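Residue numbers (the numbering used here), protein chains in the order written: chain A, 1 to 280; chain F, 1001 to 1275.
Everything labelled a hint here was simulated from the structure, so no lab data went into it.
Certain hints may be false.
Pair by pair, the computed Cβ-Cβ distance ranges are [as the list claims (entries may be wrong)]:
{"hint": "1", "chain 1": "A", "residue 1": "6", "chain 2": "F", "residue 2": "1013", "range": "46 to 52 Å"}
{"hint": "2", "chain 1": "A", "residue 1": "146", "chain 2": "F", "residue 2": "1026", "range": "46 to 52 Å"}
{"hint": "3", "chain 1": "F", "residue 1": "1271", "chain 2": "A", "residue 2": "215", "range": "40 to 46 Å"}
{"hint": "4", "chain 1": "F", "residue 1": "1013", "chain 2": "A", "residue 2": "148", "range": "23 to 29 Å"}
Please read these numbers as outputs of a predicted model, since none were measured by experiment.
Positions of the beta carbon are idealized from the N, C-alpha and C atoms, including for glycine.
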Amino acid sequence: MSFRLVAAGLVHANGQRALRKVSLAARRGERIAVIGPSGAGKTSLLRILATSIRPTEGQVEVLDLYPWQLNGAQLRQLRSRIGLIHQAPPIPPRQRAITAILAGRLGQWPWWKALLSLLYPLDIAGPRQQLARLDLADRLFERCDRLSGGQLQRVGAARVLYQQPDLLLADEPVSAMDPALADLTVNQLHAEAASRGATLVASLHAVDLALRWFPRVVGLKAGEILFDLPPVKISDPMLRDLYASETGPLPTQDHQPLEFGPAGSRGPKSRITVVPPHPL
Amino acid sequence: MFPSSLPRDPDAPKRLSWAMVAVVALWPLLQLAEFNPAALLDARNLKVMRGFVSQFFPPELSTEFLALLARATVETLAMATAGIALALLLAAPLGLLLAHSLSLSRIGPGPGRGRGEVLRALARLLLLALRGIPELVWALLLVRAFGLGPAAGVLALALTYGGMLGKVYAEILESGDTRPARALLETGSGRLMAFFYGLLPSTAQELASYTVYRWECAVRASVIMGFVGAGGLGQLMDQSMKMLNGGEVSAILMIFLLLVLLADKISLTLRKALA
Chain A
1 MSFRLVAAGL VHANGQRALR KVSLAARRGE RIAVIGPSGA GKTSLLRILA
51 TSIRPTEGQV EVLDLYPWQL NGAQLRQLRS RIGLIHQAPP IPPRQRAITA
101 ILAGRLGQWP WWKALLSLLY PLDIAGPRQQ LARLDLADRL FERCDRLSGG
151 QLQRVGAARV LYQQPDLLLA DEPVSAMDPA LADLTVNQLH AEAASRGATL
201 VASLHAVDLA LRWFPRVVGL KAGEILFDLP PVKISDPMLR DLYASETGPL
251 PTQDHQPLEF GPAGSRGPKS RITVVPPHPL
Chain F
1001 MFPSSLPRDP DAPKRLSWAM VAVVALWPLL QLAEFNPAAL LDARNLKVMR
1051 GFVSQFFPPE LSTEFLALLA RATVETLAMA TAGIALALLL AAPLGLLLAH
1101 SLSLSRIGPG PGRGRGEVLR ALARLLLLAL RGIPELVWAL LLVRAFGLGP
1151 AAGVLALALT YGGMLGKVYA EILESGDTRP ARALLETGSG RLMAFFYGLL
1201 PSTAQELASY TVYRWECAVR ASVIMGFVGA GGLGQLMDQS MKMLNGGEVS
1251 AILMIFLLLV LLADKISLTL RKALA
């Protein structure tokens, strides 16, 4: 079991409820997209899985462990196996891309290696390889405040790819990218998860991206799970109900209208060409 | 006139009452401190002050005195620098321990929360005691152990300034963007590495400029401790004043100005280098 939430609920300190009785489980290697309107609780769900917040009700189990019953050292060990790609990459603006990516392994490295890497990066090939996968190898030594929003987001993704976590979480990882780069990045997240048998959970703003790429899509609305189905079983009325829009367009990349073919014609990777990773 | 339908600023009465509290609290304080600006302009006082200041000219610039001055300056700089270096050894670990932005147990909250809070309270108490006692008092106390000379002054600086630096370091580490450090802690990083990779890049400038500013203060403080026998510029100034040699005093004062200018320059250069 990669993770399991049992009737998990979350109430923020200000009394606002973010999640209500959410039960969700995934086997090792599953790839799940989470969609839903803003404020539905997507980020809260991912942060609970990342063990960065503790649910106020219910149970959480991650990588066969109960994180909130572990001692400090065990919890750190568990956290080094979980990687979360943040929507706004938490990277100091003055840091160089290579340093930001190396930081992904701080949970695994001994302290002396981390300190030495500040003087001279002890691993250059690794970060370069991860950036190359995301078509950004030429910015390896660039300072992060000189990168665009989409480039910075890819540095954030490269950090988590470099971390090689067993549970790969992504919170709107492509929100600042154009459709081609978004496809490339999601493709690489899938490739990484597949190659190491890691579990991937990504929240996505663009419905088409979720339906096209993920074999399992979870719809979240007002803190509750509305549906948890493979894309072929998700219908137009379900999506309209999720986004509470009777007539308006559904959120997609580039605001292209979502195409509905006959059931079964839509599914993972049905309409895109997989971009091979760059040669190193 | 505003149309009456516009809502009024609901916070205005609160601001007004705070302003009134400030005035009511400050006025008796000024009275207690015997603050009377009119005394500055009193003709008799002006004459005395003019007489005092006129002794300062011309500054003493004989080679003999300048050599003495150079030696004392080096002594003072050495005392201040050694004091700040020792203070850093004290302040850096305590500041890192105190900073909430580097607290692992606050995430969740997780295991070790109680122990963390106790440790933090102890560290805060220690810093408070260190900086609560003025460096001059520490020096007088340490002179009993080390005898007259710079050693007592250096240690006194280290203790008081360690307390100040530690407190402000912790506050600098908590202000600004703490998300990078927290994100690193959430991927299993230790707190020291979360500092180096997550907080230092965005706080280095501020940490450096505050440290240099404290070095500047330490230069002044070591002068004062010179008056009680720690050597350096303070001791020289003490002698010059006792001999009523205004020219020597003004030469020493010019060195002070130059030292502050130097600290300013270092701070600017560091900030530029770290930008």
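Verification of the hints:
At roughly 51 Å, the beta-carbon separation of residue 6 of chain A and residue 1013 of chain F lies within the given 46 to 52 Å, and the hint holds. As the Cβ distance of residue 146 of chain A to residue 1026 of chain F is approximately 48 Å, the hint placing it in 46 to 52 Å holds. Evaluation of the 40 to 46 Å hint for residue 1271 of chain F and residue 215 of chain A yields a failure: the beta carbon distance comes to about 53 Å. Separated by about 47 Å at the C-beta atoms, residue 1013 of chain F and residue 148 of chain A break the suggested range of 23 to 29 Å.
Consistency note: the structure conflicts with the earlier hints numbered 3 and 4.
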